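Student: Please work from the sequences and hints to get the whole structure.
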Amino acid sequence: MRVMPQVAMVMNLDKCIGCHTCSVTCKQTWTNRPGVEYVWFNNVETRPGQGYPRRYEDQRRWRGGWELDAKGRLRPKAGGRLRRMLGIFASPLMPSIQDYYEPWTYDYETLTTAPLSEHSPVAAPRSLLTGEPTQVRWGANWDDSLGGDPSPDPVLAEVSDQVRLSFEQAFMFFLPRICEHCLNPSCVASCPSGALYKRSEDGIVLVDQDRCRGWRMCVTGCPYKKIYFNHKTGKAEKCTFCFPRVEVGLPTVCSETCVGRLRYLGVLLYDADRVAAAAAAPREHDLYRAQLSLFLDPSDPEVAAAAREAGIPESWLEAARRSPVRDLIVRWRLALPLHPEYRTMPMVWYIPPLSPVVDAVAGSGHDGEHGGNLFGAIEALRIPVSYLAGLFTAGDPEPVRLALRRLAALRSHMRAVNLGEEPDPSIAAECGLTAGDIEAMYRLLALARYDERYVIPTTYEARGPVEEAGCSLDYDGGPGMGSGAFGEASGRPVPVSIESFHGLRRRQTSETIGPDPLNWDGKGAG
Amino acid sequence: MSGWAETALWIVTPYLTLLIFALGLVWRFRYDRFGWTTRSSQLYEHQLLRIASPVFHFGLLFVIVGHVVGLLIPEHWTRAMGITESMYHMSALVVGAIAGTCTLAGIALLIYRRRTTGPVFMATTANDKAMYVVLTAAILAGLLTTLLTSAFGEHDYRHTVSPWFRGIFVFQPDAAAITAAPWPYRLHTAIGMLLLAIFPFTRLVHAFAAPLTYPFRPYIVYRSRSATGGPPLTRRAPRGW
Ligand code: HEM
Ligand code: SF4
Ligand code: SF4
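Residue numbers (my numbering), protein chains in the order written: chain L, 1 to 526; chain V, 1 to 241.
Hints listed in this document are in silico derivations from the structure and should not be mistaken for laboratory results. One should not assume that every hint holds.
[Stated by the list, open to error] Derived CB-CB ranges, DEER-like:
| id | chain 1 | residue 1 | chain 2 | residue 2 | range |
| --- | --- | --- | --- | --- | --- |
| 1 | L | M1 | V | I98 | 52 to 58 Å |
| 2 | V | F62 | L | R61 | 28 to 34 Å |
| 3 | L | P244 | V | A207 | 30 to 36 Å |
Remember, it's a predicted structure, so these values are computed and weren't measured experimentally. Glycine included, C-beta positions come from ideal geometry on N, C-alpha and C.
Tutor: In structure tokens:
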């Protein structure tokens with residue numbers, strides 16, 4: 001047993017209203033720079049829908065994640081090390097900018113410089129790649145709220161024989177996505193330079209910017225397409241799990257700002273020695289349970305001893321015992337992993353939404369809160385359940401049904417409590433819970449306060465003042481503006497905060513460019 | 001060419017070039033580790049790149065191997081191995097011409113793509129343009145010499161350029177040997193030296209990042225936070241699997 005800690009996230013999808021606040025605050029924090037205009041470390045997709053980048057889940061096309069070779073051993077789906085090396089000069093598996101979307105801004109300048117005329121001037125779209133006028137044809141959430149045809153959704157195509165859902169069968173929910181900070185990250189495995197690594201202290205997967213050489217193998221290796229290529233610096237960038245915040249015990253920006261308060265952060269202990277074997281489970285249906293079996297019980301004295309042996313601080317053990325994420329994933333089995341069949345052992349889990357079921361029941365004129373109605377509907381509604389199974393359990397409907405039945409039990413139990421009725425104990429018992437469990441679930445899902453939702457230990461030694469800020473004077477002559485001697489962004493890297501600072505000052509003092517809310521320079525590339 | 005000019009070009013310049021090349025690489029690595037990348041433009045355009053880049057690079061790899069064999073291995077070695085003069089030149093012609101043509105076709109397509117694809121052209125710096133001029137000139141002059149050597153059998157560089165080249169590394173550069181070579185050889189050699197001299201200061205440095213160790217490392221890499229700039233912790237990162 002080799003105990004390793006992982007800071008993991010759970011999102012409760014029933015509560016997501018699709019407001020994109022998480023995406024926008026994340027973008028403002030991490031990707032409001034040239035070169036990553038098209039990049040959303042956090043994006044919110046409407047499901048069913050194509051996702052971002054378009055149809056990223058179609059691994060027959062993109063070949064991300066792992067597969068088993070003839071002998072049942074794990075191998076990156078895009079090929080082993082030698083095969084990838086032969087394809088290093090250009091990769092047909094990398095999405096092009098059109099698969100994400102061509103980033104654009106608006107020609108705000110005309111708004112202030114246009115001569116007086118009868119009609120108000122219009123800020124026409126400009127490509128951020130070329131600066132040329134462009135037509136906006138696609139974006140990161142173009143099919144928001146079923147705004148487009150959902151039939152190209154690869155998961156829907158698997159479960160539904162008729163390609164188009166009839167109106168009565170339509171259902172919809174939002175899926176916020178960040179990097180999964182996988183236990184078996186195929187991005188790390190794909191990086192020929194060894195620039196990507198999983199931090200042994202908290203499991204956060206990061207790119208060493210000084211070691212990345214721009215081979216782009218990680219972009220193709222990640223089945224979730226959560227590594228992005230910065231086209232200005234020629235380096236890979238990815239969600240950092242807001243490590244500077246997590247290190248001091250703060251939640252990630254997306255969690256902190258989530259309007260629905262639906263994100264939970266906490267520590268899970270797992271057995272790193274068994275990861276490879278679990279990820280190589282022969283049947284895809286077993287992958288969810290195989291991953292569950294990796295998680296260790298921090299209250300088990302043997303585990304605690306092994307954790308101390310491995311140097312895990314006491315406060316981390318304590319946090320692991322109080323982990324809300326552990327309750328949702330292990331204790332109540334409410335949360336499920338996204339696409340376990342990619343075999344990367346993802347660590348951002350989701351409580352599947354009951355709302356498609358509630359809506360269907362309510363839409364048919366029945367009481368959508370009534371336990372009996374809901375239980376019946378979970379069994380009867382084939383498409384939503386198998387769709388959710390296609391997302392969260394490699395197609396096995398049982399874990400999804402269990403989670404949904406528990407959510408339904410929670411509803412009807414709490415309704416009885418709120419109406420002053422005696423809750424029927426059989427409702428909880430039927431899905432393997434007690435009334436106590438249900439009330440604890442209710443507390444965590446509906447009431448939990450900040451420090452209950454985010455249990456993040458802070459044992460790192462203090463770093464003192466943030467290093468970055470100290471060297472701001474070294475950067476004269478407008479850092480981050482224009483290109484270095486050897487091309488875009490060569491020379492010493494400009495710390496993000498300094499680049500943003502100068503970007504802000506430039507916008508404030510520039511005569512020619514209008515305000516751009518996302519800190520882009522409004523002039524396109526350059 | 002007068003004596004001192006020859007000395008300057010074939011005796012002083014090679015050492016200057018090597019010095020700039022070596023020190024340049026060290027300096028660039030220390031100063032600009034962040035800019036040491038392929039600066040890939042695949043995100044902007046992939047259809048042409050998919051053909052052009054592999055054709056260019058694989059052609060170039062063969063060309064480099066050809067240079068190593070042709071310049072470093074003396075003629076009497078290959079003869080001792082039982083390779084006759086005509087066999088050697090035949091294979092040099094075939095391999096050299098195919099590899100050279102691939103390289104040239106590849107770079108032509110790359111330059112065409114660079115010029116005609118909006119975002120790729122926008123991302124092309126003055127430095128890149130200068131590099132392309134020197135690189136293309138080196139390839140063209142090189143192909144010219146291949147044709148001369150092998151097709152017309154006019155001149156055997158293994159009696160002129162190669163001894164001079166090997167002499168450099170034993171500190172006995174033989175300027176007389178290389179001056180005996182016809183002008184295309186001398187031109188190609190001169191451009192080659194220029195290319196080496198600018199190499200550390202262009203995007204070409206990515207060649208020295210070639211990930212040769214990838215096949216030998218575990219798939220999953222764990223690193224401790226302390227190894228990445230943070231203060232030391234008690235834990236050490238275990239080796240991945
Ligand atoms: C084995 C070592 C090498 C590897 C692995 C390698 C790999 C690459 C890669 C991945 C790209 C980026 C292509 C893209 O996506 O845009 C590239 C571009 C390029 N490489 Fe190499 N390369 C190597 C050696 C060389 C050498 C020795 C030269 C020339 C002396 C060279 C010249 C170039 C040029 C000129 C480009 C720019 C192509 C363009 O976009 O116009 N490479 N290389
Ligand atoms: S989701 Fe994150 S950790 Fe997992 S493979 Fe993709 S980039 Fe790597
Ligand atoms: S901020 Fe919260 S509610 Fe809004 S889209 Fe993001 S996850 Fe959903």
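Student: So which of those numbered hints doesn't the model satisfy?
Tutor: none
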